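Colleague: Kindly produce the complete structure, drawing on both the sequences and the hints.
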Amino acid sequence: MDNYLEIVSIIGAVVAVSFGAIMPAYSEGRAVAAAMEAIARQPEAAGTLSRTLFVGLAMIETMAIYCLVIALLLLYANPFTG
Amino acid sequence: MEGSPLSPDILFQIGPVPISRAVMTTWVIMALLGAGLAAAFRLVRSGGALATALEILVTTLADQIEDILGRDPRPFLPLLGSLFIFIVLANLAAVLPGATPPTGHIETPAALALIVFLSVHYFGIRAKGLREYLRHYLEPNPFLLPLNVLSELTRTFSLMIRLFGNMMSHEFVIAIVVLLAGLLLPIPFLLLGVLIGIIQAYIFTVLATVYIGAAVGAVDT
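For the record, the sequence lines run as chains L and X.
When you number the first sequence by my numbering, it's gap-free, plus one each residue, and the end is 419.
When you number the second sequence by my numbering, it's gap-free, plus one each residue, and the end is 205.
Note that these hints are calculated values from the structure, not bench results.
Just so we're clear, the structure is a prediction, and the values are computed from it rather than from any experiment.
All C-beta atoms, glycine included, are put in the ideal place defined by N, C-alpha and C.
Worth double-checking, as some hints may not be accurate.
Ranges between beta-carbon positions, derived for each pair [to be verified]:
1) L:Tyr341 to X:Val42: 54 to 60 Å
2) X:Leu167 to L:Ala358: 46 to 52 Å
3) L:Ile347 to X:Val79: 27 to 33 Å
4) X:Leu21 to L:Ile347: 32 to 38 Å
5) X:Leu179 to L:Ala371: 18 to 24 Å
Modeller: Have a look at this one:
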């Protein structure tokens, strides 16, 4: 087992992406649901709501992107495997 | 898959400086924008349908910025408008064959985020004066100074990583799909890429507007 660093890196990348996608997906769903409800109640505020929604979704999605960047770093630019 | 997606592919070298495909794409976009600007000056003077279309673009950008800031958008329009137009063009370069979106490599988003970071302070100091601007780091409590400075740095960092991560991962997905099935399957992903590119450009600009608005005291964050 002299290549255990690679094995651990691959497992780490998989865990980072899979678990890092759970909470952002859940919270994006909640945010969209809340925005839908708000638009249904006040259709005239749809412009402001959807703008805020997009910015908020991007904020939430950044968490998942962070995990993806970490995973890609582990796979392709790992500082320890050389 | 050969090579790392994070390493740039080098087209040619000028002296000791390697020129990657993304840099070449940036230069083409800059040349296009420069030519467009020169043509726009002549167009606006002579009038016509194209001039009206340009006017619609500029007034739409100004209206969006005014909606967020709640004040005269004209001092901020040159910076934010050109940020938006450049990022849209850079992101949409993903659908052109032979071009790489420069925003998919870490340098371009880093430079853009640095521009936003510096211009936030510039506009803040110009609007409030140096003492008044620096005081907002001590609010609501002087003990929060480290946290305020830290949030300033992390939000710039996340601005960079958000644009980079989205465009890079999109490029990556396209590469994988092309590897799996080359002919028609990538087209829906390319369409999704157009959507993602425009949304990310919009979000980058809106966040830059909000940060500048917070610095000049127009928006609460």
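Colleague: Using the Cβ atoms, figure out if Tyr341 of chain L sits within 54 to 60 Å of Val42 of chain X.
Modeller: With Cβ atoms ~58 Å apart, the hint holds.
Colleague: Just tell me: holds or violated, for the beta carbon distance of Leu167 of chain X and Ala358 of chain L against 46 to 52 Å?
Modeller: violated (29 Å)
Colleague: Holds or violated: the 18 to 24 Å window for the beta-carbon distance between Leu179 of chain X and Ala371 of chain L?
Modeller: holds (22 Å)
Colleague: Could one say that the CB atoms of Ile347 of chain L and Val79 of chain X fall in the range 27 to 33 Å?
Modeller: Roughly 32 Å apart at Cβ, these two residues keep to the hinted range, so it holds.
Colleague: Would you say the C-beta atoms of Leu21 of chain X and Ile347 of chain L sit inside 32 to 38 Å of each other?
Modeller: Given range 32 to 38 Å: violated, Cβ gap about 48 Å.
The earlier numbered hints that this structure contradicts are 2 and 4.
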